[in-house]
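Peer 1: Residues per chain, in single letters:
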Amino acid sequence: MSLTLKNVSLIVDGQTHIYDTTVELVPAGFNILLGTTLSGKTTLMRLMAGLVQPSSGRILFNGDDVTGVAVQKRNVSMVYQQFINYPNMSVFDNIASPLRLSGLARAEIRKRVETVADLLRLGPFLKRKPSALSGGQQQRCAMARALVKDSDLVLLDEPLANLDYKLREELRDELPRLFAARERTVVYATTEPSEALLLGGYTAALHEGRITQFGPTGDVYRHPVDKQTASVFSDPPINLIPVTKTGERLQTSHGANWRVYGAFRDLGDGEYELGVRPHHVQPHDGAGDGAVIEGRVQVAEISGSESMVHFDLEGRPWVSLAHGVRAFGVGETARFKIDVDHSMLFSPQGETVATMRA
Amino acid sequence: MSAKTTNQKAWLLVAPVVVLVAFNAVIPLMTVVNYSVQETFGDNLFFFEGMKWFEEVLSSERFHDSLLRQLQFTFIILAIEVPLGVAIALAMPRRGFWASVCLVLMAMPLLIPWNVVGAMWNIFALPDIGLLGKTLNAMGFDYNFTRQPFSAWATLIAMDVWHWTSLVVLLSYAGLSSIPDAYYQAARIDGASAWAVFRYIQLPKLKHVLTIAVLLRFMDSFNIYTEPFVLTGGGPGNSTTLLSLDLVKIALGQFDLGPAAAMSLIYFLIILLFSWIFYTVMTRGEDR
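For the protein sequence lines, the chains are A and B, in the order given. Residue numbers are given in numbering that gives the first Met the number 0: position 319 of the first sequence equals residue 318, and the series is strictly consecutive. Residue numbers are given in numbering that gives the first Met the number 0: position 246 of the second sequence equals residue 245, and the series is strictly consecutive.
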């Protein structure tokens, strides 16, 4: 099924929640809405579902205008961040509830519920109440309710956010497989760039109520159209520093400079802003060759196989996600090397003017 | 060894509470137990009587009558206040200015002391000068709570409903407010009716607060004393002599300490028993 938003906007009490948005989701594909909290992911989903009516614009399902159509007539299902199940119904009744409302035969309901329950490995728990299930099982039960309905559009609103790490990984692996087999459009909201990359599909980056970019996930990640998209698609936040390009060299205001090549060399001379994701900034012990910078270490956190080093670069907060466990003294000056092949340049207006990796 | 030391310290810490509970609950209760098995004369003369007073109270028609009245009263007000309270809570706005206004209005009756409520309604319902009483009579209803048992009962129930429905409302409102919006959205996506939303989302989520509401209202109404006392002193005749009124009449009016003590204990056990039954029934099938 294809879903198109045409010039959709939402204004509540004089405040704009969603700015004029036009987007055509990929039919039968996995569409990811990536944005920080309050960027409008949930609002956009509620608009798609029909739980909220847009202030202007139209919403098309397969080309039909459904803007004013009530939510229960749109054949959508939705899974929430909280585990939403009917508390006093058994798992079986929970999964069966959307089918019962559509008036299906008893035997058919049983067959469908059991198929979906097996798919989601809920088979042994059908007689239990949701509260007697683990968090992951409760969320699987909610997903089963969404799956059993055979709806054209499935909206998953941060479904894994409230699960612990292990369950999240497990369910994340299952998700694309569960939904891929069917001819339905899936929309998946998340705040985590890594989750978007793992799930693949298509990503719409959201920033303060605007879709800044929509395209295949890898493309959006590698070639963000602007600084905002690049920030949304980086966790920890992308490192930024103003640079001046003169001839074949890039220079920071404090004098660190290096030679550029490829897409960067072809740009005209002038002021730019350099963007590098934290894992493309690594501690550097060797000589000052290439894009080497010096910063004052503020915090160094060690998490297993990685060290997160926060340092001050010419007054800007920078982060390096260093491989391995590194010891840094707070306050000491350390050298880092920027992986120029993975950096990008933004114009003073915030548009991307060059990315290094093609 | 160390475990023993820890235990001793723990006793020290709970000691103040033990002393407090002993003075305000255990010792008075034991005094009542003491009275309940003895015949009391002036000059502090006591004679052991065993179970005599219990047998007397349990077989007395007077006790049966007031217990029956008490049960009637309690079940009538529960049957009115609980559904009415839930209905009002459902109808109240969830947020905004009017939500606050409603909450303040609802909280108001709860702030008024029992005897003031009694006095207020007494004057309000007087057939000759009270606003309610006079209006009712002017409309052709023969209403006089000092003479007709039915009028007295109606006034008493109206008074209690007016005073305490708010408690159920506030508890239910809090319960309803704790239901995440996502539940209602999910129900809308499923195409569930308003009744289904109430039956399968709101009611199950209200179960715990309703258990508390019913228990509180049951215990409170079973102990009701001030309102009927202020209204008619248990009259007309004995028609509104509920258990606690009867108890006070025996204990202080007639100074029959033995039967009064026995009755107190029976009264206490009845409340305990009913509360336990309510609690068990309402939390039955609870998810483990």
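Check the hints yourself; a few may be wrong.
What the hints assert, rightly or not - Within a straight-line C-alpha distance of at most 25 angstroms, the following computed DSS-like cross-link-like pairs (lysine-lysine) qualify:
(1) Lys244(A) x Lys126(A)
(2) Lys126(A) x Lys248(B)
(3) Lys204(B) x Lys51(B)
(4) Lys126(A) x Lys51(B)
(5) Lys110(A) x Lys72(A)
(6) Lys5(A) x Lys72(A)
To be clear, the hints were calculated from the coordinates, so they are not data collected in a lab. Quantities reported herein were computed from a predicted structural model and do not represent experimental measurements.
Peer 1: Give a verdict on every hint.
Peer 2: Hints, one by one, checked against the model:
1. Lys244(A) x Lys126(A): Status violated; Cα separation ~68 angstroms.
2. Lys126(A) x Lys248(B): Between lysine 126(A) and lysine 248(B) the Cα gap is close to 56 angstroms, so the pair fails against 25 angstroms, i.e. violated.
3. Lys204(B) x Lys51(B): violated (48 angstroms)
4. Lys126(A) x Lys51(B): Measuring from Cα to Cα gives roughly 54 angstroms; hence the hint is violated.
5. Lys110(A) x Lys72(A): holds (24 angstroms)
6. Lys5(A) x Lys72(A): Holds. Lysine 5(A) to lysine 72(A) sits at ~20 angstroms (cutoff 25 angstroms).
Violated hints, listed in ascending order, are 1, 2, 3, 4; each of the other numbered hints is respected by the structure.
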